[in-house]
Amino acid sequence: MPADKVILVEGLTKRFGDFTAVDHISFEVSRGEIFGFLGANGAGKTTAMRMLCGLSMPSSGKARVAGFDIYKENEKIKKNIGYMSQKFSLYDDLTVKENMRFYGGIYGKSDVFIKDKTKTILEQLHLTAEGDKLVGSLPLGWKQKLAFSVAIFHEPEIVFLDEPTGGVDPVTRREFWNLIYEASASGITVFVTTHYMDEAEYCKRVSIMVDGRIDALDTPANLKLILGAESMDEVFLKLARKATRVES
Amino acid sequence: MRTLKFLLQKEFRQIFRDPAILRLIFIMPIIQLMVLPWAADYEIKGIKLAVVDQDHSEYSRQLVNKITSSGYFKLTEYTSSWDASLAEVEHDRADIVLQIPPHFEKNLVKEDKASLFMAMNAINGVKANIGGAYLGMILRDYNREIRTEWIQFPRFSPEKQIEVVSSNWYNPHMNYKFFMVPGILVILLTMVGTNLTAINIVKEKEIGTIEQINVTPVKKYQFILGKLIPFWIIGLFVLSLGFIIARLVYGIIPVGSFLTIYIFAALYLLAVLGLGLLVSTYSTNQQQSMLISFFMMMIFILLGGLYTSIDSMPEWAKWITRFNPVSYFIEVMRMVVLKGSSLADIKYHLLIMTGFAIGLNGWAVVNYRKRS
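Respectively, the protein sequence lines represent chains X and U.
For the first sequence, the numbering used here gives the first residue as 1, with consecutive numbering after it.
For the second sequence, the numbering used here gives the first residue as 1, with consecutive numbering after it.
Incorrect hints may have been included.
[Stated by the list, open to error] Calculated cross-link-like contacts (lysine to aspartate or glutamate; reagent style DMTMM-like; alpha-carbon spacing at most 25 Å):
id : chain 1 : residue 1 : chain 2 : residue 2
1  : U       : Lys-219   : X       : Glu-157
2  : U       : Lys-113   : U       : Glu-145
3  : X       : Lys-133   : U       : Glu-204
4  : U       : Lys-219   : X       : Asp-69
5  : U       : Lys-5     : X       : Asp-132
6  : U       : Lys-220   : X       : Glu-155
7  : X       : Lys-79    : U       : Glu-11
8  : U       : Lys-127   : U       : Glu-77
9  : X       : Lys-133   : U       : Glu-211
10 : X       : Lys-62    : U       : Glu-211
11 : X       : Lys-119   : X       : Glu-182
[Stated by the list, open to error] Per the computed footprint, the stretches of chain X lying under chain U, defined by three or more beta-carbons under 8 Å from a beta-carbon of chain U, are:
id : segment
12 : 68-80
13 : 103-117
[To be verified] Computed far set for chain X versus chain U, every beta-carbon distance over 12 Å:
id : residue
14 : Glu-10
15 : Val-168
16 : Asn-222
17 : Leu-227
None of these hints come from the bench; they were simulated from the model.
Ideal Cβ positions, reconstructed from N, Cα and C, are used throughout, including at glycine.
Isolated chain X, as found in the complex (with noise of 0.2 Å):
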């Protein structure tokens, strides 16, 4: 396996019942890279991530997740990686730092990595002076800005991010971007879901899914020439429009 590659995906499939939830995928993704996930609602975007980040078996297929074999080593995988789902998930009813803290020692981080690697998330969202209010008491866009932070907090290889920037305003997404850019920089691989088209354009590669298949891999700029349109938002609708599957 090329040392580049941190995601290798070969024929996932994923089956509840009769039903065909990701249906023989097959994509890579570099070291670094910012890879959109893009598809309408029900496409199995959700379910695929899932399965990459070992919360959900898959029925068939062969995947690698930094470096590692998503059935047998499932659990060195979740040492590697960060995830964000759609559901804001730090507990409300802990502080800023509290919150930090936990997750950075459930990763096995050093007191004095924690307290250093606070300090500078702080500093860096800008929100050294809420480091001990509740989370609960936080605005949204601040959450979510926050969830990320602690979700790349043990400085993974990947970040999983479902749906990060849903319900936010404008402003507080470009500045979610910046983070995202940021982590990327700092070599930290990006695998990012998203319904805006916008965001898509941040992407160095985008697929989009259509009925569990992934129906166009390439950078935005390609799929634009390839399918004669003006903007992503085109582009999308050029494929989405093909799906059968009734919206979930």
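Go by the hints and put chain U onto chain X.
Only chain U this time, still in chain X's reference frame:
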């Protein structure tokens, strides 16, 4: 070990920040222990009695006097009409009707024999039963008095009588509170163990943090221990709080040793915590887990020997009680608190509870999956 430390720290912070849980831990045991033992009492007082006196004689008045002076009965109606007394029952103003027929005294004196009629309102079966038994006892007593009174020369023809003297072992004054308080404590511990644990874990499922934990290297057993240990400690704390109240309010001091009780309680808590964990793995939201816990608590309480004796249950119900961990702890509590049983006396209970703890936790661990 270090991971567990972080998990426990987080759990305790959250518990102590949640006012609802704190109320449940501190206020609920106090209120339940202060109120329930006074209300949940088998002794029946103030039974409403209607007397239909159709004799109006010296004896009939003496009899009524004797009944009312016993303290168990409240004379709500004194009439000579049967219909009037029946109306009292219908309006729930009388539980028992005692009819003293005409010529009661005359028959008693002339024919050495007279009959009385007793009718009970059996809607409340317990009250009717116990009230009837009390009244029967008073009547027998009265009967004996009359007989002794009529025997003029006891020295020449002594009336043979068997007098029964009873003594209540382990609870000499038949104080029901001594009996109820240990049982209520068991129920409290069960609620803490099952409901709090189940709700706590399901809450993490609801807000999505459990998924976040599942993508971390935290091991299944670490996560489960992180959840069980705090509630295990809280359970033992509630037990201690309960014993303090039992002592201060009711003067209950276990005859046996506290060590025996705590050893069993520690094991028992493991079993019910496992049950809470199991409930949480089967439910996806807090409503579901509440309903399951509620349903189980009903069975636990009604088939646990708290209010009704297991020995008097039908055979099939006795079988169910054998699968009810509550029944073992209630029995152990009463054995140790009232009788002073030692560890050797409860070894059979300890063994079964170990089985419960292993079985329930094992089932829960198997059913808790990090990967679906």
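Status of each hint after checking the structure:
1. U:Lys-219 x X:Glu-157: Holds - the C-alpha atoms of Glu-157 (chain X) and Lys-219 (chain U) are around 20 Å apart, at most 25 Å.
2. U:Lys-113 x U:Glu-145: Roughly 14 Å separates the two Cα atoms, so the pair holds.
3. X:Lys-133 x U:Glu-204: Roughly 21 Å separates the two Cα atoms, so the pair holds.
4. U:Lys-219 x X:Asp-69: This hinted pair holds, its Cα atoms lying about 18 Å apart.
5. U:Lys-5 x X:Asp-132: holds, 21 Å
6. U:Lys-220 x X:Glu-155: holds, 23 Å
7. X:Lys-79 x U:Glu-11: Since the Cα atoms of Lys-79 (chain X) and Glu-11 (chain U) sit roughly 22 Å apart, the hinted pair holds (cutoff 25 Å).
8. U:Lys-127 x U:Glu-77: holds, 18 Å
9. X:Lys-133 x U:Glu-211: Holds, at roughly 24 Å.
10. X:Lys-62 x U:Glu-211: holds, 23 Å
11. X:Lys-119 x X:Glu-182: Between Lys-119 (chain X) and Glu-182 (chain X) the Cα gap is close to 17 Å, so the pair holds against 25 Å.
12. 68-80: holds (count 4)
13. 103-117: Held - the segment 103-117 of chain X has 5 residues with a Cβ nearer than 8 Å to chain U, which meets the minimum of three.
14. Glu-10: holds, 20 Å
15. Val-168: holds, 17 Å
16. Asn-222: At about 32 Å from chain U, Asn-222 (chain X) clears the 12 Å cut-off, so the statement holds.
17. Leu-227: holds, 35 Å
Comparing the model with each numbered hint stated earlier shows that all of them hold.
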